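> Listed below, chain by chain, are the residues.
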Amino acid sequence: MNDPATRMVSVDLQENEENRAVIEAIEADNPNVRVRHMPGVVKIEAPGRLVIKRESVEERLGRDWETHEFQMAIITLAGNITEWDDDEIVLAWNARR
Amino acid sequence: MTATPTRPARKLSMKARYSALTRDLDWEPSYVSSEEMFPYTSFEGIKIHDWSKWEDPFRLTVDAYYKYQAEKDKRLYAVLDGFAQSQGHLSLSQASYLNAMKIFLGGVTPLEYQAHRNFAFLSRHFNGPGPRFAALCQSQDEIRHAQTEIHTLSNYNKYYSGMHSFLKQHDRVWYMSVPKSYFDDALSAGPFEFLIAIGFSFEYLLTNLLFVPFMSGASFNGDLPTMTFGFSAQSDESRHMTLGLEAIKFLLEQDEDNVPIVQEWVDKWFWRGYRVAAIVAQMLDYMLPKPVMSWKEAFELYFEKQMLEGLFPDLEYYGIKPPRHVQQAIDEKEALSHFVYWVFYNFSFAANFTTSIPSKEHQAWLAENYPDTFVDYFQKPRWDKAQRIVDNGGRFFFMGLPQLCQVCQIPMTFPEPGDLNTICQRTSDYNGEHFNMCSDGCKWIFDREPEKYVQAWLPVHQIYQGNCGGPTVPDVLAWYGMQEGDGGEIAGSRDEVNWAAWHGTPAAKEA
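Top to bottom, those sequences are chains A and B. Following this note's numbering, the numbering of the first sequence begins with 48 at its first residue and continues without gaps. Following this note's numbering, the numbering of the second sequence begins with 1197 at its first residue and continues without gaps.
Just chain A, with the same shape it has in the complex (with noise of 0.2 Å):
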């Protein structure tokens, strides 16, 4: 249960049409997440470490996509952000400096 490698980390987002291609960007780059549904909300959980990369998402958006955005779609998480520059956002347990 200690080991940060398989620790859950979390993002809940807004489910609306805006936020599909995030949640369709992070299923692509992360192996292992489970969805879940609940009303106006999906929650996104991965053992250990989620990615959300701006390519991934712009992709599937059809526009660009800063990683600030990400402000608009997440309602909370369970993790330490570890990185959050202009490419990506990295969530992750064990976040020492």
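There may be inaccurate statements among the hints.
Said to hold, decoys possible - Quick list of the computed label-pair ranges, beta carbon to beta carbon: (1) A:Val80 / B:Lys1517: 25 to 35 Å; (2) B:Pro1670 / A:Glu64: 25 to 35 Å; (3) B:Asp1220 / A:Glu105: 24 to 34 Å.
Stated by the list, open to error - Pairs of lysine-lysine residues, derived as DSBU-like cross-links and limited to a Cα-Cα distance of at most 35 Å, are as follows: (4) B:Lys1492 / B:Lys1364; (5) B:Lys1207 / A:Lys100; (6) B:Lys1648 / A:Lys90; (7) B:Lys1249 / B:Lys1263; (8) B:Lys1354 / B:Lys1501; (9) B:Lys1207 / A:Lys90; (10) B:Lys1501 / B:Lys1486; (11) A:Lys100 / B:Lys1364; (12) B:Lys1211 / B:Lys1648; (13) B:Lys1263 / A:Lys100; (14) B:Lys1517 / A:Lys90; (15) B:Lys1581 / B:Lys1556; (16) A:Lys90 / B:Lys1501; (17) A:Lys100 / B:Lys1211; (18) B:Lys1581 / A:Lys90; (19) B:Lys1211 / B:Lys1243; (20) B:Lys1249 / B:Lys1576; (21) A:Lys90 / B:Lys1249; (22) B:Lys1207 / B:Lys1243; (23) B:Lys1556 / B:Lys1354; (24) A:Lys100 / B:Lys1249; (25) B:Lys1263 / A:Lys90; (26) B:Lys1648 / B:Lys1529; (27) A:Lys90 / B:Lys1211; (28) A:Lys90 / B:Lys1529; (29) B:Lys1270 / A:Lys90; (30) B:Lys1492 / B:Lys1249; (31) B:Lys1556 / A:Lys90; (32) B:Lys1501 / A:Lys100; (33) A:Lys100 / A:Lys90.
Please keep in mind that the hints were generated in silico from the structure rather than gathered at the bench. For clarity, every value in this text was computed on a predicted model and none was experimentally measured. Positions of the beta carbon are idealized from the N, C-alpha and C atoms, including for glycine.
Got chain A; can you put chain B on it based on the hints?
Chain B in isolation, oriented as in the chain A frame:
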């Protein structure tokens, strides 16, 4: 004036922009000492050696912050307008759904405003530019939340009871003292304790339990505006959670002497926040006509799994243990909401919301979600009995005043650990006076700072002391600012009669 054609300036990377626009705006004071400039960051015993070690994973800058906040507001206000224009309130699952919102408006919205004030204070008084800027953003978020919540619910206030005097009632009504005293406790602490109390313990550990399942419930019950403001606010919460987590890690990394101080704050504020969340528990389990997720399930998903199994193993590295008394919260998950709604059922004649015996279908849902407790401990001894009274033409209300816990201010209703049939009561004596607490958690908190909690403004004591309008129920309700139709039983209430009339159902013809 001939401009040499130049290539457009290269856009700075997020990291460089954050560094230039946030960190670079700091300076060393030269004509006052830094102790004079930041007088509040030493008395709590927290030691900070290097403020620059504070990290903001969001790398927010002022321009990016306002750009996205404006976009969030635009989306929300478009929804509010559409909902109001289309008489959206008529498509709620039931009028009684709004009881949950009446509690939210009076219990939570004023706390958002208080959070705004205190984060504004922190944005001036922390020594480092990183935490100052993060606090500034959160301060702006919190006032946005207060405003959008009031604006969202103001549309319902045109048609429904119980929302007209929420600010006055936040200061006066018995059950509102639970969230109010909780936040006052945090506001009257030092800046670091506030950060652990609200930034970490509330925002990171518990806020999901308030917003996520609840806003899903709003979505499921046709309350589009609340769902939208909830998720809009919650999108800021993920930033607040990150701030809270950053805060605790920063304090722990700066000096080993900070660890025991922070541990005690985590112990205290987990329990304080958890007790306030009891009100959310009953909203989830009883107040949504179409329930979406039980308190127990939400607690397991958002607290046990994400926090105890996810976060705390990370904090173990710093020597931080899960909150003291956390096991009692886990044990109570089977019973918490049932005890609290029973109290509300007993006392809603003196509240701004209405209550009723849960319908047969709702009780079946509760039995299914609480297979070990609901039928034997709550349905048979309480709801069946209340139903018999109703069948004989009555309605049970408890007309006395309950003993309140000196710390959380909830009436004594919670069970002894391991014994659902016995009410837990703990006592402490201080300066020759006797004080009562609802649990080991609240007693531990009282004994740690008795000089603080002996000053509590307890609604029941205040009524007895003659400070709440007079000695009778009508006197007190008048002082609370209650109007006809605000409280009592759902069946036959003003909201229910109006609802039936608007929908042209048979009840309307009888009424």
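> Which hint numbers does the structure go against, in order from smallest to largest?
Hints 2, 6, 8, 11, 12, 18, 20, 22, 30 contradicted; others consistent.
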